[in-house]
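Keeping their order, the protein sequence lines are chains A and B. Heads up: the first sequence is residues 1 to 210, going by the working numbering. Heads up: the second sequence is residues 1 to 210, going by the working numbering.
Take these hints with a grain of salt, some might be off.
Subject to a maximum C-alpha distance of 20 Å in a straight line, what follows is the list of computed SDA-like cross-link-like pairs (lysine to any residue) [claimed, not checked]:
#1 148(A) to 113(B)
#2 26(A) to 202(B)
#3 195(A) to 192(B)
#4 26(A) to 109(B)
#5 26(B) to 49(A)
#6 25(A) to 35(A)
#7 195(B) to 182(A)
#8 148(B) to 113(B)
Which chain B residues stay away from chain A? Per the calculated CB distances, all over 10 Å, these [claimed, not checked]:
#9 40
#10 59
#11 86
Keep in mind the hints are simulated off the structure, nothing from the lab. This one's a predicted model, so the numbers in the text were calculated from it and none came from an experiment. Don't be surprised by glycine CBs; every beta carbon is placed ideally from N, CA and C.
There are 2 protein chains.
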Amino acid sequence: MTTEHNRSDNDSGLNERHRTRMQRKKAVVDAKIAAATDVRGVLLVNTGNGKGKSSSGFGMVIRAMGHDMQVGVVQFIKGAIPTGEERFLRRFPEQCEFYVMGEGYTWETQDRTRDIEKAEAAWACARELLSDPSIGLVLLDELNIALKYHYLDVQTVLADLRARPAAQHVVITGRGAPPELIEAADTVTDMTLVKHAFSQGIQAQPGVEL
Amino acid sequence: MTTEHNRSDNDSGLNERHRTRMQRKKAVVDAKIAAATDVRGVLLVNTGNGKGKSSSGFGMVIRAMGHDMQVGVVQFIKGAIPTGEERFLRRFPEQCEFYVMGEGYTWETQDRTRDIEKAEAAWACARELLSDPSIGLVLLDELNIALKYHYLDVQTVLADLRARPAAQHVVITGRGAPPELIEAADTVTDMTLVKHAFSQGIQAQPGVEL
Numbered sequence: 001m002t003t004e005h006n007r008s009d010n011d012s013g014l015n016e017r018h019r020t021r022m023q024r025k026k027a028v029v030d031a032k033i034a035a036a037t038d039v040r041g042v043l044l045v046n047t048g049n050g051k052g053k054s055s056s057g058f059g060m061v062i063r064a065m066g067h068d069m070q071v072g073v074v075q076f077i078k079g080a081i082p083t084g085e086e087r088f089l090r091r092f093p094e095q096c097e098f099y100v101m102g103e104g105y106t107w108e109t110q111d112r113t114r115d116i117e118k119a120e121a122a123w124a125c126a127r128e129l130l131s132d133p134s135i136g137l138v139l140l141d142e143l144n145i146a147l148k149y150h151y152l153d154v155q156t157v158l159a160d161l162r163a164r165p166a167a168q169h170v171v172i173t174g175r176g177a178p179p180e181l182i183e184a185a186d187t188v189t190d191m192t193l194v195k196h197a198f199s200q201g202i203q204a205q206p207g208v209e210l
Numbered sequence: 001m002t003t004e005h006n007r008s009d010n011d012s013g014l015n016e017r018h019r020t021r022m023q024r025k026k027a028v029v030d031a032k033i034a035a036a037t038d039v040r041g042v043l044l045v046n047t048g049n050g051k052g053k054s055s056s057g058f059g060m061v062i063r064a065m066g067h068d069m070q071v072g073v074v075q076f077i078k079g080a081i082p083t084g085e086e087r088f089l090r091r092f093p094e095q096c097e098f099y100v101m102g103e104g105y106t107w108e109t110q111d112r113t114r115d116i117e118k119a120e121a122a123w124a125c126a127r128e129l130l131s132d133p134s135i136g137l138v139l140l141d142e143l144n145i146a147l148k149y150h151y152l153d154v155q156t157v158l159a160d161l162r163a164r165p166a167a168q169h170v171v172i173t174g175r176g177a178p179p180e181l182i183e184a185a186d187t188v189t190d191m192t193l194v195k196h197a198f199s200q201g202i203q204a205q206p207g208v209e210l
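Chain A extracted, bound-state conformation (with noise of 0.2 Å):
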């Protein structure tokens, strides 16, 4: 009966200072809330070693279709071998225009010349979509890796990217995005690796990697 009485005495304390404690927090967070009045696309990059970066901007290419925007999809790199996100998406030609410009990382093609060529025939690709106000969400998957060995220039990408339609998001994912990116971006996550399955001898499977 004591042990009950105490347990109950416990537990009524520790849910008195929960919702104290998150009623603090509710204050700070709606504070924030209103503070944030700006509505604007908002130009977000996905960089770092870890995983997810590709698959977060393949997450927000459904929360806008969700919206019922029109988005459109160019992969700069990816692209020797069909991934589960472009068979997916391709069931949705009137919604989603999904156009996959490389041949494959830089250590396949092992071609300077053509990966620039290939680089630049993608971005005349993205600046149709970063042109037309009708797309609401612009995923540039890998542009980071094109920037990152100097296939494109950061500063004609950077200015296309300014000169898009005022409400247009923009997702640019790829490892070692330039600083020049990050700092015009809005909203910039480094998905750092804190361990991977791969390292631990298994392989790339379809729906995780692939």
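Starting from the structure of chain A, add chain B where the hints point.
Here is chain B on its own, set in the frame of chain A:
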């Protein structure tokens, strides 16, 4: 003429060095791929304070759906506001089971007892998916929050994860993943905040955060 000639020499040297470097890189990558022979369901955790934890999980959901896998989603905390990803994925009830079990963030509900009841109901739902070998990938969105607040017992959660079908992939998202879960996971990414539009006065917007 001389300038042209030099540039061509320079380009040729650059291209050759690029090829040599990429050949070395390919050898390293290929050796890693050859060493990664294990095929089994992996446990992935997306944690950290930056953007991209849930969206990466949803990107993996459509990646799996692109490979014609059956998928299941349980949202532990979000759910007060219908999101784009929910609206989108509910279009595919035959391929994606989608359960919104939370009532909103802990600082909104401010009711620990009720939060615990909701978390337990959500886990019962998750356990169904984790015991169904026809489900290829399970997304447990914001589960880390429920663990962080001790709404659920981490050892119970780990035991159910260990008991799942051998080929099933699981993605767990949310800030503050407990060390026991990180230890048990195959792939862990810390979505590290570099900057966020919200802190610069930009509202959470459909297609981006909602």
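Checking against the hints above, which ones are violated?
1, 9, 10 and 11
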